[in-house]
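Q: Residue numbers (full-length UniProt numbering), protein chains in the order written: chain B, 1 to 338; chain Z, 1 to 338.
These aren't lab readings, by the way, just hints derived from the structure by calculation. The reader is advised that the hints may include incorrect statements.
[Stated by the list, open to error] Here are the simulated lysine to aspartate or glutamate pairs, EDC-like style, with alpha carbons at most 16 Å apart: (1) Z:209 - B:170; (2) Z:207 - Z:222; (3) Z:207 - B:222; (4) B:209 - Z:170; (5) B:207 - Z:39; (6) B:207 - B:222.
Protein chains: 2
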Amino acid sequence: MTRPIIGRVAPGPRRTTGSPAPDQEPATARIAVDLLGGDHAPAVVVDGALRAFQDDPSLHLLLVGPPEAADPILAAVDPVERARLGMLSVPASVEDQKQDQTGAGVRAAVRAVATGQADAAVSAGNTIDIVLSAARTLGRWPGVRRFALTAALPTAAGRLVLLDVGSSVDTDPDTLLMHARLGAAYAAVVHEVAEPRVGLLTIGTEKGKGDRLRRALPPLLEAAHLPAGARYVGLIEGNDVVTGERADVVVTDGFTGNILLKGLETAYSRLGPPGRGALEVPRAALLLGVGGTVVVCHGAASGPDLAAGIALAAHLHRRAAVAAMVDLIPHNEVSHDG
Amino acid sequence: MTRPIIGRVAPGPRRTTGSPAPDQEPATARIAVDLLGGDHAPAVVVDGALRAFQDDPSLHLLLVGPPEAADPILAAVDPVERARLGMLSVPASVEDQKQDQTGAGVRAAVRAVATGQADAAVSAGNTIDIVLSAARTLGRWPGVRRFALTAALPTAAGRLVLLDVGSSVDTDPDTLLMHARLGAAYAAVVHEVAEPRVGLLTIGTEKGKGDRLRRALPPLLEAAHLPAGARYVGLIEGNDVVTGERADVVVTDGFTGNILLKGLETAYSRLGPPGRGALEVPRAALLLGVGGTVVVCHGAASGPDLAAGIALAAHLHRRAAVAAMVDLIPHNEVSHDG
Chain B
1 MTRPIIGRVA PGPRRTTGSP APDQEPATAR IAVDLLGGDH APAVVVDGAL RAFQDDPSLH
61 LLLVGPPEAA DPILAAVDPV ERARLGMLSV PASVEDQKQD QTGAGVRAAV RAVATGQADA
121 AVSAGNTIDI VLSAARTLGR WPGVRRFALT AALPTAAGRL VLLDVGSSVD TDPDTLLMHA
181 RLGAAYAAVV HEVAEPRVGL LTIGTEKGKG DRLRRALPPL LEAAHLPAGA RYVGLIEGND
241 VVTGERADVV VTDGFTGNIL LKGLETAYSR LGPPGRGALE VPRAALLLGV GGTVVVCHGA
301 ASGPDLAAGI ALAAHLHRRA AVAAMVDLIP HNEVSHDG
Chain Z
1 MTRPIIGRVA PGPRRTTGSP APDQEPATAR IAVDLLGGDH APAVVVDGAL RAFQDDPSLH
61 LLLVGPPEAA DPILAAVDPV ERARLGMLSV PASVEDQKQD QTGAGVRAAV RAVATGQADA
121 AVSAGNTIDI VLSAARTLGR WPGVRRFALT AALPTAAGRL VLLDVGSSVD TDPDTLLMHA
181 RLGAAYAAVV HEVAEPRVGL LTIGTEKGKG DRLRRALPPL LEAAHLPAGA RYVGLIEGND
241 VVTGERADVV VTDGFTGNIL LKGLETAYSR LGPPGRGALE VPRAALLLGV GGTVVVCHGA
301 ASGPDLAAGI ALAAHLHRRA AVAAMVDLIP HNEVSHDG
């Protein structure tokens, strides 16, 4: 297993204190945005980029895709705003011509991160395309075989890390064990949780309940060394993901996690206006375990969803979160310790 | 496969028009309630029974368990109310002595249905105990190998049938195909939906997305003969379970279904008071495919949850719902047709 080349993908200023103080100008974040990814691309991608600018003028955005896709949309944009959007033109490569054309944007966006043109990549494209691009171009953290698409959910008890939410389906105990480590690192670095509580999502908390995969995991999790002083707190259920009272990190397979996330997101957004019970869930997730900052939005992402993904990518870059998380994962740890 | 003995387990008056008219006295429903099932048994079971009576004076309730468990609680109950609760004393059998004692209540409650002492059984006990008792004592519908624990969820577009929510984990395509039939019958009979739309819960609706189990199913579902004019409408996602806009019946494995149900239930109940966005979900599910009316409540059920389970059991009995659903499932249909 080779070490990933973290240095060149998270080159922003390393801070030890997290976000800049309110009176400080936030550091520039150069975000490569896949112009072709998502059901409503490229229109919502341009809309999302402009919205992200409004909230954060220090962003440098690089729209990645063929100019002919962006030009008609950009022509309708206010010239002052248009001038703030960079464009990384992507002529179709031989590879792209062979493959699904819509993956060209994400491949080029991820390459922009690898070559240092951008600090982070954002895409609402097909998760499989994003995972393959990221694995090939940016590499994996030590010991990571399968990435974890990682979402942060609001709860009354604070933010909760849910992983995986769609990249690792049909998975195995070793993968979920590594994802427990990745999730603990995320909670510690991004949510600043001390000694995160890690729970395993299952049905019924009695010993022996759950499916084959879940029944195999508790002994491995009990024996595992988790980063950042994290501890395994046992089996949890669907309701615990809503309350947040029992765990800061919830480990599950990508099939279950995706379905639960999409259900809760929709429930939270439908049940009345924000502030009166309803909760806003950022519809964007970090691809964890990749040697760089890659944020994935829903295929059905709207402009505000893309803007939230861009904001998340910028936030993670400014905190040098990926490098800080890699530092927490023991490099000599093999995935089936314990 | 033998035909189940439906006649003796759903002996109530057969109606063709569904619920009685408002000015009619509802028919008696004799419900056997497992006194020992659930985390907070027997106290919440007695509480649930008394609450159920308040809403529906035509109920006949039979508390099933050892008298020494009920006596101290019943002693504190108003004598007038106490007189309305029947008690089916369960001395521990040799089998019960060998097995987990807490399963004794559900085994006796299910036996009471089989012998005609009760019209339906309700338990908040261990789902595995309930499934085993029901299979042994009441039998299965023709063609059914694995039961489907079936929940009804409220949506803005009407009620939605979600199955399985916890009895069939580690399952297979044939089981989910049969569950599609069972769910269609439930939607037609219990929710009175004409030509129910049946969706398969997965992640991403593009062809080839999802796990191995889900990828195997669409051709089987497309070719299947579904009851009550139901039709397969394709792949759906977690958000569709909340909106209810795309399907009346949602088919999934018991692991995923249980986690989604518990997440949504909790989200719906937490987000503000009912009527202002929040939705009440009946925390009780019918065990579908059993030759009798068996309703399962959460292990963590409260008194109101038990009361909702009892009300559901009474409602299903009065509609002769189980017999009506069996009639909709073609008896010569093997589970791997199509």
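Q: Hint by hint, where does the structure go against what was stated? Just the numbers, ascending.
A: Of the numbered hints, just 3 does not hold.
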